[in-house]
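Residue numbers (the working numbering), protein chains in the order written: chain C, 1179 to 1459; chain P, 66 to 385.
Just so you know, not all the hints are guaranteed correct.
Listed below are the simulated BS3-like cross-link pairs for lysine-lysine, each with C-alpha atoms no more than 27 Å apart in a straight line [unchecked claim]:
1. P/Lys377 <-> P/Lys290
2. C/Lys1360 <-> C/Lys1275
3. P/Lys377 <-> C/Lys1279
4. P/Lys377 <-> C/Lys1275
If you only want the chain C side, here are some residues facing chain P, beta carbon under 7 Å, derived [unchecked claim]:
5. Val1182
6. Val1193
7. Trp1272
8. Ala1276
9. Leu1296
10. Ser1346
11. Phe1352
12. Tyr1378
Calculated from the structure, these hints are not laboratory results.
Cβ coordinates follow ideal geometry from the N, Cα and C atoms, glycine included.
Residue-level listing of the chains:
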Amino acid sequence: MVGVYVLLVTALVVVLVPLLYILASSFSSPAAVSAGRVFLWPVDFTVRGYEVALSNSAIVTGFLNSLVYTVVGALISVVLTIMIAYPLSIPDLWGRKAITKFVVFTMLFAGGIIPTYLVVQALGLLDTRGALLLPQAIGVWQVIIAVAFLRSSIPDELHEAAQLDGASDLRILFTVVLPLAKPLIAVIALMYGIAQWNSYFDALLYLRDPDLAPLQIVLRNILILNTSGGSTDAAAMMERQQLANLLKYSLIVIATVPLLLVYPFVARYFTKGILVGAVKG
Amino acid sequence: MTPLRPTTVARAADTGTRGRSAARRSLRRHWQLYLMLAVPLLWFVVFKYVPMVNAVIAFKQYNVVDGIWGSDWVGLANFQRFFDNPVFGRIVSNTFILSVYAVLAGFPVPIVLALAINEVRLRFFARTVQLVTYAPFFISTVIIVSMTILVLSPRIGLLSDVFGFFGADQPNVLGDPDAFRHVYVWTDVWQTAGYSAVIYLAALAGIDPTLYEAARVDGANRLQKIIAVDLPGIAPTAVIILILGVGNVMSLGFEKAFLLQNPLNLSQSEVIATYTYKVGLINADFSLASAIGLFNSAINLVLLVTVNRVAKRVTGSGLW
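Isolated chain C, as found in the complex (with noise of 0.2 Å):
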């Protein structure tokens, strides 16, 4: 038993220490930073490096529209799954396993990058949002699972009984089953939201405008490339230099707070939802 907490404990260290050694770095002076002085406590408190963050014109643009895929990218994500899967859902609806096949196939074997490429550059979608928001607007996974709860959490007298009062299937979709997916709806978006917040690869394929450029984006270029602008000015530069350093604490919890916030008010969700899937799919 004594084995098991100390297993656990362990775990627990391993993920906060980096954590909260950046948050401790963020709240930090850059000075401190740059010279490897911050663990776990700030050393010098100040929110130099989050007022620089938020005075970045880039910085703030990427995040609005990172803000906008994420929102509208998970509605449309999840009207079209619930379109699909609703019904899917029905045992007595003709093709039913044909289009299962056929929609399953696509998680085993895909074109390719540059073959999905040319398709966006046919549809004319290159360099505008809507790159970001119709090619991955469909994820098989998140189809199966709303199939399956759909399946299991619906009684079927309900659909019976609704037919039996003269119900289209559309307003049994809207009077009887929406209300009741409620929770699957919660996770299904969480999931999309998630993707398209944190997703940059599509960006970098389909986008050249900085305008439309999503936060993971802005964030690779300071964060990982380093752009910083140059400067001849020895000091001037030193002192950049450890502003960008900072910055780049601060910017991780820009980043990264709006999804931490979220995430315990749903997690009780998406573990069933997660469950869902994985033990039906």
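Let chain C serve as the given structure and place chain P on it in line with the hints.
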């Protein structure tokens, strides 16, 4: 035996018309559903199946002017170019080793974590561990890689503090090609173990309580109970997760390898996906890039089918 023939024929004919009329009845009753289905199915055609067709450019000398269908056929020449390229062996083995390593390292950790959390009787502590270890799953790849770079950076990073504490100089981990795989895999475990553990915890929660009762009556201790009840209980889930992991072996995440790459570690960090991106979008050699992508998809499919078959034979559960 004689009456059998006519009856079977009759029955066959009967199911035939029944099938057709069932279709007609279903269409009439559910026309709204078919109309609804049409939109997402069109999406699948456009964004999934058209690219599969477009992949024929792997067998052509694609040029923009003539388009996909106007370009000349070149047979397997693009594949030949890929196989002959000295980089071929290296990127295929990089992809393979990295993925297998990731699957093997990532598989047991969440199981152990879930079993441990399941043993803890202090609800508050168990929930805290779960919530905290789950959190990194929400962090984006860009951020994970940036954190890795910051934590591992030789002069100011967290790791250099640890080395400094022991009075040693920290090696330049990110510049060392041999370290790339370990960094890639263990940061992945760090990020996803808590999330995967949740799936196993859910499976553990679904185990029939009478089994624990029986184990207790038989006088099993904790460890025996884990071996006799817990592990068999989560085995089907584990098999599915393992199959999915192996099936993804070659479609290794482009994002992370690409972000962690630097000129120093390229010899081990160049994988099929990153190479395809460079050939296709940076060198604009669409045909070669498609050939590489197609090669990748084909291997993926073969692996997935094979593993699923083996898993089904050995454990009785599989994906299909």
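For each hint, the structure was consulted:
1. About 26 Å separates the Cα atoms of P/Lys377 and P/Lys290, which keeps this hinted pair within 27 Å; it holds.
2. Of the supplied pair hints, the one linking C/Lys1360 and C/Lys1275 holds, its CA atoms being roughly 26 Å apart against a limit of 27 Å.
3. With a CA separation close to 19 Å, the supplied pair P/Lys377 and C/Lys1279 stays within the 27 Å bound.
4. For the proposed pair P/Lys377 and C/Lys1275, the alpha carbon gap of about 21 Å is at most 27 Å, so the pair holds.
5. Because the beta carbon of C/Val1182 sits about 5 Å from the nearest beta carbon in chain P, less than 7 Å, this interface hint is met.
6. Hint status for C/Val1193 relative to chain P: holds, with the closest Cβ pair at about 5 Å, below 7 Å.
7. The criterion of a C-beta within 7 Å of any C-beta in chain P is met by C/Trp1272, whose closest approach is roughly 3 Å, and the hint holds.
8. Here the hint on C/Ala1276 is broken, as its CB sits about 11 Å from the closest CB of chain P, past 7 Å.
9. With a cut of 7 Å, the hint placing C/Leu1296 at the interface with chain P holds, because the nearest CB-to-CB distance is about 5 Å.
10. Look at C/Ser1346: its Cβ gets to within about 6 Å of chain P, closer than 7 Å, so that hint holds up.
11. Nearest Cβ of chain P to the Cβ of C/Phe1352: about 11 Å, over the 7 Å cut. The hint is violated.
12. Residue-level restraint check for C/Tyr1378 holds (minimum Cβ-Cβ distance to chain P is 6 Å; threshold 7 Å).
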